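Please put together the full structure from these sequences, using the hints given.
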Amino acid sequence: MKLTAEESAMTDGRDGPAVAAAMDLLLRYGRALGAERLVETDNVVASISATTPFMRGYAQRGGGMDAVFSEFSLDSDAVLPIPPARAFTMHTQLGFDPAQAARMGVDEETVRFYRQGEAWTAGLGVQASNTCTPYLLGNLPVRGEHCAWMESSAVIYCNSVLGARTNTEGRESVGAAMLTRRIPYWGYHLDANRRGSHHVQVQAAAETTADWGLLGYWIGDRVQERVPVVEGFGRRPDLARLKHFGAAASSSGGLEMYHLVGITPEAPSAEAAFGGQAARERLVYGERERREAYERLNATASERRVDYVMLGCPHYSIEQVWHAAQLLQGRKVHADCALWIFTPRAIKALADQNGYTATIEAAGGVLMSDSCSAMSRAAPKGTRVVALDSAKQAHYLPAILGLQAWFGSTADCIDAACSGRWSGGLR
Amino acid sequence: MSGGRTLVLRGRCVVPGRAEGPALVTRMHISGWGGIDSRTGTIVETRHELRGISFAGKVLVFPGAKGSSGWSNAFHLTRSLGVAPAALLFNEMTTKIALGAVVTRAPAMTDFDRDPLDCIASGDWVSVDAERGIVEIRKPPSAAGDESP
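Residue numbers (my numbering), protein chains in the order written: chain A, 1 to 427; chain B, 1001 to 1149.
Hints were generated in silico from the structure; no laboratory data involved. In this text, all values refer to a predicted model and were calculated from it rather than measured experimentally. Just so it is clear, CB atoms sit at the ideal spot from N, CA and C, and this is done for glycine as well. Some hints here could point you the wrong way.
Stated by the list, open to error - With the Cβ distance kept under 10 Å, some of the chain A side facing chain B (calculated, not the full set): (1) Leu-33; (2) Ser-47; (3) Phe-54; (4) Phe-72; (5) Met-150; (6) Glu-151; (7) Val-155; (8) Thr-208; (9) Glu-256; (10) Thr-300; (11) Glu-303; (12) Leu-350.
Claimed, not checked - Here are some chain B residues the structure puts well away from chain A; computed CB gaps all over 10 Å: (13) Val-1008; (14) Leu-1009; (15) Gly-1052; (16) Ile-1134.
Structure, rendered in C-alpha cells:
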C-alpha cells in the first residue's frame, strides 16, 4: 500500500507503540482488502467497552482496559499504553444498560467493572453515547465525508441518507482509526462502488413505519450486499421510517447503501443513482412480496399470549418516545407482560425532562438506554413470546434467545403489551 | 489417503500463513455476531445448513460473510478461546471478512481460478499455503471419481 510521510512516521513508531500497532493492523487489513491506500477520517463510531465476564476476566489478568484495547481493538499481543483518541469517536450500544443491570440479569461486579471502563474510555476522549444511532445525537457527517463506523444500521444510514462514506467496520479497525485518523480507502469510500445495481419498483404500501420495515427486509433478502435504487413509494419517508428501512435491509441482506429516487442525496434521478450503469436486475415489490416479508418475519410465532414487548431497535428518537408515551397514556401494561423501550441515554434525559418517562412508568413500562435485547441477550425472566416493531430485532431474537417473535406496528405492540395478547396483522 | 485424488487451486492471499485440516464447506453465507457461538466455534444461525456444527480446526470454505459489524470480533474471540478455523477460503470480499480473517490470524485466500465451492467437499483434506497462493485438496478414496476430471 502507498503511505504518506505522516502514515510512514506513525507506522515507524514516531507516536508510540499503540499508534504503530494501529497502523500495522490497518496495513494488514488494507492488504487483505486489496486497498491501494488509506483515507483520512475524523468521524469514528466504535465499540470499546468490556461488558461480558470474559472481557472482565481478560482485563483482570493484568493490564486492565489497556490489555482489552490492545487485544480486541488493535489485535496486538503486547499490552500497550493507549493514548487519547485522535479522531472524534462515539461509542456504539453496549451489552447491557448499566442503569437497569439487575433487571437485565447482570451481576454487580460486571457493572462495577463496566463503570471503571466507561471512565477510562471517556478519559481517552470517546463519547459515552452508547447507541446504535449516533446520528440521533448530532453526529451528522456531511455529504462525502469519510467515516469509520461500526453498526450495520448506522452504516447504511450514513451512506444512504447522509451521503457520507463508510464501510461496515469492525471493533479492531475502528480502534485503529480512532488512534490514527485513517481507514482503508476501499468499498463505499469510492464513487464507483456507490452506484445502483438493482432497480426496485414499489407497487405495494410504503406508508407506515412498519411498511418501511417490510420493504427493507424484502429488499435486503433479494439484493444482499448490492445497491438498490428504489422508486414508486408514496409519501416522503421520515427519519424513523428510513432508520427502520435501513436496519431491516442490513439484517436480511448485507446492504450498506441504497438510493431512494428523489429523496436520498445521490439519487436526484434514477439515472444519476445508476451513474450510467444499467440495472443488473429489475425487481417489483407488490402485495405478494409485502406479504412474503411479513410472513417471514412472523415465521417463528404461533402462540398469541405475549410475555414481553420490546421497542427501540434501532434506538428510538425522542419523537418515537413521545409517540409511545402518547399511546400508553392512561393505560396499563398487562400483569403477565413486560414492556421495555430503548433509546440513547442522552435522549432518555430529554424524555425524563419532558415527562415521557413518567408516563411510560405510570403505565408499567420501562424506558431503558445503552443496549437492547439482542445486544444484551436479556429479556424479562420466563419470556417465551415477544412482540416487536423492529424487523431487525424480529430477525435476530428467535436465534439469539430462542423466542417466538411477532412483528407489527408500534400500536400493535403497545396493544399487545396492554392486553397480553397479539392481535396485530398485515394491514 | 492412498487411492485418493489431489486437486490444486490457485488464488490470492488475504492473510499469509500455512495450515491444513479437514474441509467444512457451505454454500450459505456466514454471520459472525448472532450467527456463531465464539466459545465453541459452532454455527448457531437458526436456518443455516451447518447449524450445530463446529468449524474449530477446520478449513472453512464458504461464499462470504453477512450480518452485523460484530463479525470480526466474533471470529477474533474464537482465536482467543482456541476454537478458530484452521484457514478461511471464500469468494466474496467485504470489509467484514477481510478484517475478520486478519484478526482470526488464520491463513485466508480468495479470488480463485476455480470456484472452491465446486471443487471442495466437507471432509476433504485441505492444505493452504496462502503466501504462495496454493490450495491442495486431497479427496478421500471413497469420493474419488465423484467429480468429472
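So, going through the hints one by one against the coordinates:
1. Leu-33: The hint holds - A:Leu-33 has a Cβ within 10 Å of chain B, the shortest such distance being about 5 Å.
2. Ser-47: This hint holds: A:Ser-47 lies near chain B, its Cβ roughly 7 Å from the closest one there, short of 10 Å.
3. Phe-54: holds (8 Å)
4. Phe-72: Holds. Min distance 7 Å.
5. Met-150: holds (4 Å)
6. Glu-151: holds (6 Å)
7. Val-155: holds (7 Å)
8. Thr-208: violated (26 Å)
9. Glu-256: Constraint on A:Glu-256 satisfied, holds at 9 Å.
10. Thr-300: holds (8 Å)
11. Glu-303: Constraint on A:Glu-303 not satisfied, violated at 18 Å.
12. Leu-350: violated (27 Å)
13. Val-1008: holds (23 Å)
14. Leu-1009: holds (18 Å)
15. Gly-1052: holds (13 Å)
16. Ile-1134: holds (18 Å)
Violated hints, in rising order: 8, 11 and 12; the structure is consistent with all others.
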